[in-house]
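Colleague: If you want the building blocks of each chain, they are given just below.
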Amino acid sequence: MLKATLRSFLAHKGRLLLSALAVVLSVAFVAGSLIFSDTVTRTFDRLFASTSADVTVEPRDDLDSSVPTGAVQTLPAALTGRVAAVDGVSSAHADVSVQNITVVDSANKSVGPTTGAPTIATDWYLTDRSPVELTSGHVPRGAGEAVLDADTADKKHVETGDTLTVMAQPGSFRVEVVGIATFRTTNPGAALVFLDPEVAATRLLGSADLATSVSVEASDGVTDAELKTRIAAALGSGPYDVRTADEQAKSAAENLGGFLDVIKYVMLGFAGIAVLVGVFLIVNTFSMLIAQRTRELGLLRALGADRRQVRRSVLTEALLLGLVGSTVGLAAGIGLAAGLIRLMSAFGMNLNTAEMAIGWVTPVSAYAVGVGVTFVAAYLPARRAATVSPMAALADADVAGVGRPLRVRAMVGAVVGALGVAALTGCVTASETASAASLLGLGVVLTLIATVVAGPLLVRPVIQVLGGAFPALFGPVGRMSQRNALRNPRRTGATAAALMVGLALVGGMSVASASMSKSFDQQIDDTLGADFVIQNTNLTPFSQEVTDRVRATDGVGLVVRQRFAPVAVRLPDGERVKTTAAGYDSQVDEVAHVTYARGDTAAALADGAIAMDVDFAEDHGVRVGSVLPVEFPGERTASFRVGALTDQDAAEGFGMQGGLFFGIATVEKYVPGGQDSVLYVNAAAGTDADRLRPRLERTLDPYPQVQARDQADYKELVHDQIAVLLYLVYALLGLAIVIAVLGVVNTLALSVVERTREIGLLRAIGLSRRQLRRMIRLESVVIAVFGAVLGLALGLVWGVCTQQVLALQGMKALAIPWTTIVAVVVGSAVVGVVAALLPALRASRMNVLTAIAHE
Amino acid sequence: MSTPAAQHAPGLASAEDLAARARGLTKAYGSGETTVLALDSVDVDIVRGRFTAVMGPSGSGKSTLMHCLAGLDTVSAGQVWLGDTEITGLKERELTRLRRDRIGFMFQSFNLIPTLNAVENITLPMDIAGQKPDQKWLDQVIDTLGLRDRLRHRPSQLSGGQQQRVACARALASRPELIFADEPTGNLDSRAGLEVLAFLRQAVDDLGQTVVMVTHDPGAATHSDLVLFLADGRLVDEMERPTAEAVLERMKRFDLIRAQAGAAPEED
Chain A
609 MLKATLRSFL AHKGRLLLSA LAVVLSVAFV AGSLIFSDTV TRTFDRLFAS TSADVTVEPR
669 DDLDSSVPTG AVQTLPAALT GRVAAVDGVS SAHADVSVQN ITVVDSANKS VGPTTGAPTI
729 ATDWYLTDRS PVELTSGHVP RGAGEAVLDA DTADKKHVET GDTLTVMAQP GSFRVEVVGI
789 ATFRTTNPGA ALVFLDPEVA ATRLLGSADL ATSVSVEASD GVTDAELKTR IAAALGSGPY
849 DVRTADEQAK SAAENLGGFL DVIKYVMLGF AGIAVLVGVF LIVNTFSMLI AQRTRELGLL
909 RALGADRRQV RRSVLTEALL LGLVGSTVGL AAGIGLAAGL IRLMSAFGMN LNTAEMAIGW
969 VTPVSAYAVG VGVTFVAAYL PARRAATVSP MAALADADVA GVGRPLRVRA MVGAVVGALG
1029 VAALTGCVTA SETASAASLL GLGVVLTLIA TVVAGPLLVR PVIQVLGGAF PALFGPVGRM
1089 SQRNALRNPR RTGATAAALM VGLALVGGMS VASASMSKSF DQQIDDTLGA DFVIQNTNLT
1149 PFSQEVTDRV RATDGVGLVV RQRFAPVAVR LPDGERVKTT AAGYDSQVDE VAHVTYARGD
1209 TAAALADGAI AMDVDFAEDH GVRVGSVLPV EFPGERTASF RVGALTDQDA AEGFGMQGGL
1269 FFGIATVEKY VPGGQDSVLY VNAAAGTDAD RLRPRLERTL DPYPQVQARD QADYKELVHD
1329 QIAVLLYLVY ALLGLAIVIA VLGVVNTLAL SVVERTREIG LLRAIGLSRR QLRRMIRLES
1389 VVIAVFGAVL GLALGLVWGV CTQQVLALQG MKALAIPWTT IVAVVVGSAV VGVVAALLPA
1449 LRASRMNVLT AIAHE
Chain B
-18 MSTPAAQHAP GLASAEDLAA RARGLTKAYG SGETTVLALD SVDVDIVRGR FTAVMGPSGS
42 GKSTLMHCLA GLDTVSAGQV WLGDTEITGL KERELTRLRR DRIGFMFQSF NLIPTLNAVE
102 NITLPMDIAG QKPDQKWLDQ VIDTLGLRDR LRHRPSQLSG GQQQRVACAR ALASRPELIF
162 ADEPTGNLDS RAGLEVLAFL RQAVDDLGQT VVMVTHDPGA ATHSDLVLFL ADGRLVDEME
222 RPTAEAVLER MKRFDLIRAQ AGAAPEED
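Residue numbers (our numbering), protein chains in the order written: chain A, 609 to 1463; chain B, -18 to 249.
No lab work stands behind these hints, which were simulated from the structure alone.
From the three backbone atoms N, C-alpha and C, an ideal C-beta is built for every residue, glycine too.
Among these hints, one or two may not hold up.
[As the list claims (entries may be wrong)] Sample of chain B residues at the chain A side, in silico, Cβ under 7 angstroms: (1) LEU53; (2) ASP54; (3) ARG81; (4) PHE91; (5) ILE109.
Work out the full structure, taking the sequences as your base and the hints as a guide.
Modeller: The following block contains the structure:
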């Protein structure tokens, strides 16, 4: 029996090729993402482990903000002396390292990374642990010199002798590049500027008495943990975190982890889509192979093979396919990881492909996914194969590829579909965001399952409509294409389902994002009153100079500053909420339309007052007049009286829970050294905004870190940020479509083989090759468009429901991007044409006589 | 009149009377020492308005002869004409059009497109060509074959005999110059087979069609006007107004010759 299975596997290897490709793609993405993240993790673990001092003392910071505030946490440089005096300390160094700077070259171009990685200015202090070494020039001496890292110098064409301007919080200063430092370890992608330790603190922190951390080396025989305990004891209850090298490395790796996790999850998302779509392909392949081999299986049964043996034979074939696919996929995954590592180096993160980390988890997951998926996908067809009766061997070869009734599917589809619709209805009517979101998730999953299960039942009605014009348009060729697509609804359904899944996602996401864009537009129209908004895309704060220069620009009337502060607020109901609060100048009414439920702007921004969103306040028992203790970084605490409650749509932006704000003086007081994040600018009376614009742009020319935007530009910025999310979805879709196309190719190719005699007959009685190709192309188009229509219909429903959930967050506008939807339908027709190319060519090349004689 | 050239001078029948003709028709498979001649320089005339049967033992080349005459297969040497058109040397596209417009086909089995109903199958060649069927003629063909109440049935809903009748109707529907039938009764029980043969006879007698039928069944051959006997790729004999006994007798002689040929080396 095993021999027969092996023979059959080898005999059908051509027909299994596309299924194998689907397995390979899924496995490659799984393996690739694991290898990549393992490699990166290991590289950075090593980097941080080798560069961390034995013990590090840092200002305590448990209020991390999702929005940067520009403030640097400092500790007194004098602390170094106290630490050095601790028994067991061999040396202690006051480090100065800041990221709240912008460095520009002589042409006012930023030399910082464009990838979102930070620009770091630090003091030049070379130890065994330094990640860099000086490779040319000399170390920075005095206020006017700096050393730049080699990767940045290379990328931004900076050479020794060039002048850079460093815009730091205390003020901008110019430095000459006197040396180039090269990374000895992996460069995580940041730009590094090294300054003379004598001047670094003054230049970067505004005072020679400050530092950002203290690095401590232990004496021989003193362990890190022991030293940490001693230092912590010596510093008492001061607001400091003391960490060993291991802890410091872990904490640094965790900070980086967020970004790497994104890559990992994106990759796993790709793997998931590949698996999901691949399953349909494999199910179809095995179903068709078994349909084609009915007689052969019947013969096996007639010769005495029992059902279990037949089933096992098919499953063994699946197992072989899974093994081969997984092995190739694993190899492809290694290649994919290598490609990603290369790609990262293009972004400035230099990893070493030779040090690729392949843990035991990788091959295990690869084979588990590959073999598992194939096995599961082949299980139903295998069971069907086992039910082939011995009589099938004797019966006449029946008409190729006719399906069985779909009663079970109808029932399951109806039940699951009803549940899904109920969940979505619940989601639309729900008033709580959390419950609405979970109902949405449930509804999406259930309706997807229902559509996949009931897809074959929809084939007949939908394709009769879709292909209804075919006979009129394309004559008998069109009629035959339409009927061929209807021939086996199960097969057509499964083929189209692969495309449907991807397009449903896109449909839903595009409706949601278009609605978000429209909602934001409305909000901008409703709330933004300023002529210009000055900020950068990441809301990274900028130096005081920018604010001063904007104020001094001719024609500028009013400038309202906005700053952010990470806070923790203790609410009357006992909850401690960590969030980000905003501070504004008092004339905020001139540049924004804020709706208040209670109080007004004056009350909100008054000294010692705080304002928040009315819904948040109600949830936590806050009323106007409530006094709330608020914690700021550096363990500064103060109490604030609630002066006003706002009633704004989307008051709670990302990471801004509660919509807290107060006067900017409060931020200046409790977050010293902070920088402005946004400036709202109005033209002076008598100055036209259009006239002001070029002047503002001239003012901002030396500051590439910020841009001036009017309302239209601001909307565009928001659209672009939403679009980034869409691009990811489109990339996922791209992969889904590639596999779906493989699926259509697969189905058509196998159908062509199955219908060999029919094709021969058609050719004999005078169907030309062109007509034959057209017939297959039209069938392909009708399957693809069927999948697209089903997917988009599902996606529209999802999108509308998602918008309802977003509406609870204040995004009340619904927008349906009809152009995208029409484009997707047209695109799917093109996909159909492309998918049919090879099968059609193959069919038209068939020899008429051998085709007629084909068994 | 259709003749093996070995016994008659070519051109016995005038050219207008010929539906098809072949001269020196040779078909070889393989190359070098393994070459097998399926047809060995065959000359044949198919006369209009007659029912010609081609007979011979398996491997005699009778199917190959039909395929070459019908433009389904290429020839190794020689020439073939359909009416006045020389089809040897025609391009694939021209051959396809020729088959579509001027030839009708019936095969042993799997004659119909399963997704199309009976009437759609019948008009398929004309539909493919984008021509409107001659409704009067179509009605006549359908009624002659007794398919009136089966027109909306799919092939899977028809019996084997009915399916062959639909195939016969399709072959007749476009009023082709020549109908080729390849073992049309091979898959039928004897009653259904007789029916189909009667219809082919009727197509010639009542509808004035020209039919060439390949068969190995002497009974089927008796329905024809003329039987051509093929052996080892050559036309070896012909028989007008055949009877079952005569055909059977003639076929037996082949078997005898073959048996002798097989035994000959041992006698040497």
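Colleague: Does the closest beta carbon of chain A sit nearer than 7 angstroms to the beta carbon of ARG81 of chain B?
Modeller: holds (2 angstroms)
Colleague: ILE109 of chain B was flagged as interface toward chain A. Is the shortest Cβ-Cβ separation under 7 angstroms?
Modeller: OK, holds: ILE109 of chain B within 7 angstroms of chain A, min 5 angstroms.
Colleague: Using Cβ atoms only, decide whether PHE91 of chain B comes closer than 7 angstroms to chain A, and label the hint accordingly.
Modeller: Because about 5 angstroms separates PHE91 of chain B from the closest Cβ in chain A, which is inside the 7 angstroms limit, the hint holds.
Colleague: For the restraint on LEU53 of chain B, tell me whether the closest CB of chain A is nearer than 7 angstroms.
Modeller: The hint holds - LEU53 of chain B has a Cβ within 7 angstroms of chain A, the shortest such distance being about 6 angstroms.
Colleague: When the nearest CB of chain A is found for ASP54 of chain B, is that gap smaller than 7 angstroms?
Modeller: Holds. Min distance 6 angstroms.
Against the hints set out earlier in the document, no violation occurs for any number.
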